[in-house]
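Peer 1: Chains as they are written, first to last, in UniProt numbering: chain A, 1 to 360; chain B, 1 to 290; chain C, 1 to 260.
Check before you lean on any hint, since a few could be wrong.
What follows is a list of derived Cβ distance ranges for each label pair [to be verified]: (1) A:Val243 <-> B:Asp220: 30 to 36 Å; (2) B:Glu145 <-> A:Gly305: 24 to 30 Å; (3) B:Glu145 <-> A:Arg82: 31 to 37 Å; (4) A:Pro174 <-> C:Arg26: 50 to 56 Å; (5) B:Asp257 <-> A:Val345: 17 to 23 Å; (6) C:Gly183 <-> A:Phe303: 35 to 41 Å; (7) B:Arg141 <-> A:Gly202: 25 to 31 Å; (8) A:Pro174 <-> C:Asp149: 33 to 39 Å.
If you are wondering where the hints come from, they were derived from the structure by calculation, not from laboratory data.
We put the beta carbon where it would ideally sit given N, CA and C, even for glycine.
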Amino acid sequence: MYVAVKGGERAIDAAHAWLAEERRGDPAIPELTVAQIREQMALAVNRVMAEGSLYDPDLAALAIKQARGDLIEAVFLIRAYRTTLPRFGTSRPVDTAAMAVDRRVSATFKDLPGGQVLGPTFDYTHRLLDFALAAEGEAPPAPQAPARDEPVPHVTGLLDRDGLIEGQPADDTPAPDLTRQPLELPASRALRLQALARADEGFTLSLAYSTQRGYGRTHAFVGELRIGRVAVQVDLPELGFAVEIGEVELTECDTVNQFKGSRTEPPQFTRGYGLVMGQSERKAISMSLVDRALRWQELGEDFTGAPAQDEEFVLSHCDNIQSTGFLEHIKLPHYVDFQAELELVRRMRREAMQMQEAAE
Amino acid sequence: MTDQAYNFAYLDEQTKRMIRRALLKALAIPGYQVPFASREMPMPYGWGTGGVQVTAACLTPDDRLKVIDQGADDTTNAVSIRRFFQRTAGVATTERTTDATVIQTRHRIPEQPLAEGQILVYQVPIPEPLRFLEPRETETRKMHELEEYGLMHVKLYEDIARHGEIATAYAYPVRVEGRYVMDPSPIPKFDNPKLAGNPAIQLFGAGREARIYALPPYSDVVSLDFEDHPFTASKADHACDLCGSGSSYLDEVITDDRGTRMFVCSDTDFCAARQAQGHCGRLSPQGDAP
Amino acid sequence: MTLMQNAITAAPLLSVQGLTKRYGPRIGCADVGFDLYPGEVLGIVGESGSGKSTLLSCLAGHQRPDQGRILFDGADVLAFSEAERRRLLRGDWAYVHQNPRDGLRMGVSAGGNVGERLMAVGARNYAAIRDSATDWLGRVEIAADRIDDRPSAFSGGMQQRLQIARNLVTGPRLVFMDEPTGGLDVSVQARLLDLLRGLVRDLGLSVVIVTHDLAVVRLLADRLMVMKSGRVVETGLTDQVLDDPQHAYTQLLVSSVLQV
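Bound-form chain A, shown alone (with noise of 0.2 Å):
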């Protein structure tokens, strides 16, 4: 006898328990701690902390190990758990030209005012695998050098004293929110740099990637990467003035493309912007050329139709969030859809073999 698919319930319940015991794994190896990951996990957790556009280091280690280290779902937990807290206000705008850097390079200037500094990094590094750290031994103190004391001047604003890049007049006005409104195309730039900063990683490599491919090219060089920690500021009423309630370690990226000039301005350079939260330099670096490519409309260049320029392309599909859940949503039960298109299909099958015995 035929019993209807009952027991959706025990089943869940029995898939979150086996869920948590995969999660701890053999239970002779000793658990993580969520401080190990955020010490040790740490480029993981500036991920999780930029794609989930939440700044806790502690939150973002908590994801992590609650998401068996897969970094979209822990991603999607610190998203959902984001967008239930209460707002209490906007910050200042951080003044990233006075961060504390520990990594600060041009690739247009050999030296210049702040200095090149290399900072912890593995853009030197051979990458052979060490097993000396499957020992777990400690490492030897890094050596140290004071800190030095001049300011470090972002590179743009050298070149734009001699006029030689694009002007960046201030804009006070406030920016739009995507977490809060819904996305309209066309988008501001400030909304696309918003999206482009908690997209995920892969995309905007894979974009920026392709616009040094020639699908959408723009030339870029990094003009400036640095990273660091600055200050941040909220207004009080009450007091009248600023004060400062943390800081935060930022990645910001500015590339310096080349410009032919148009009907109304001179040949110059233009600006390419990425700032993300953490050390993530392979995504302000991605996200500062895809912000270049999007804005050929306002630099009178051509659209040649990659899809790095487009717009509506790249903000519609760069969230992994919204990817990710339509993409496994497919994976849910379509029984009625599909019972509809079986029966189409027979019916369309039947008729069909009676014209062809019709025919013969």
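With chain A fixed as given, assemble chains B and C onto it according to the hints.
Peer 2: Quick look at chains B and C alone, frame taken from chain A:
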């Protein structure tokens, strides 16, 4: 057993207010897709985030909620969403269509006719009926604005030219109040006639695409067709093997590896109610009927 | 004959004044003006780069001119809203592209291509739409049994004839044609021209046609406008301009064509 860490029905009051404003606008302009600031929800996009947000914005503590997926109350996604609201809103739940004040659905309209005062909330994956004819949102919004719906009929024309009939079995497009062309979400076209003149409020939420649209009670809803190829609501030509209903939408179930099939109501509440009333189908246990 | 009567009695269907379009420092077309009367065919000739294509795309609303006025039936087209402009494009106006791929839906059957404009203006009877499509396929010499084939299965000449049928099915009051015979073999061109001449005569179409091919305008156009470097250098009745060209450039253009 409400989870105290979250506001009633999960979303904060500001967000619910924003969604309600979108809902009111949607009801004022039937069939028009209202952009709304869709929130990230603790379930994935494509799994009903739009419907969940709409439901959250509609629920009051006195409501009785029913959640169905594919017409059934016991499919995993329906269970998951029902639990979500039990946990975050503590509202009463029911599987009985007649008892529910709010019904969230994926892919079906209940067989039991709805009544005034009920709200039916649809989960919508792709709200734009023109999307697969024109991929650009900027263009499709303009097409709606200018009522440029010729292309939609070109698709139906092509169906008839190629297949002899309109080969759209679900998500069959409709025109609302003679104005907007609307996607009724992926319900089978069998359900399309129930969209029209329905006494209940019908709300459609698309989370990933950030759109809300609505049909106020007793709306005029017409399935697109040609005068000489009129729309027909079709279903499997069988009766339910459990309750014997000849008028309900059926799921086809393969019961063994030799291809034996049975047909059962996709609406589990409807089927169970009929069986309780003593209706029998081909495979009903013999002699069990009262 | 009718042309002269129209010119005297009717107001112009299309009136263009001082139309100018620049691309940066380069001139696309400059200070172009003309009147087109109902039932008249105006040919615009010149070699590539003369500005004739820029002019046509400005007239048809594909590009916005920098200066000038375009009056259709007395209404200022450039002041139209997007909605009004589109209504014009799918109703009273038609546009035949040089490349039929630009003017056809390649993934839609021939019948659907012809029927689209009918459905866009409200036709909802499948059989009637199909009858119109069949009728129009016949008029452009496409066999009725090709009605369900996609244009991708058609030859270049057939595609172009299909595009013409698609455009004319709703009886537009003004047709723009951009090098409709360009890109076709000579023998195919001749057949298409013959067909076009028949349609223009039978339907009394008002047409603005752009071409570099003087044989095309000789057959189709009542009047000619010769363009060079974005400016109109000579205008007049077609026979008059071709048989007795006044401007040195027109003389060069005419003499460069092999007389047959």
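Peer 1: Decide, hint by hint, whether the structure agrees.
Peer 2: Results for each hint:
1. A:Val243 <-> B:Asp220: 30 to 36 Å: 58 Å Cβ-Cβ, so the 30 to 36 Å window is violated.
2. B:Glu145 <-> A:Gly305: 24 to 30 Å: 26 Å, holds
3. B:Glu145 <-> A:Arg82: 31 to 37 Å: 34 Å, holds
4. A:Pro174 <-> C:Arg26: 50 to 56 Å: At 41 Å between Cβs, range violated.
5. B:Asp257 <-> A:Val345: 17 to 23 Å: For aspartate 257 of chain B and valine 345 of chain A the Cβ distance comes to about 22 Å; the hint holds.
6. C:Gly183 <-> A:Phe303: 35 to 41 Å: Hint violated: Cβ distance 24 Å, outside 35 to 41 Å.
7. B:Arg141 <-> A:Gly202: 25 to 31 Å: 30 Å, holds
8. A:Pro174 <-> C:Asp149: 33 to 39 Å: Violated, at about 56 Å.
When each numbered hint is compared with the structure, violations occur for hints 1, 4, 6, 8.
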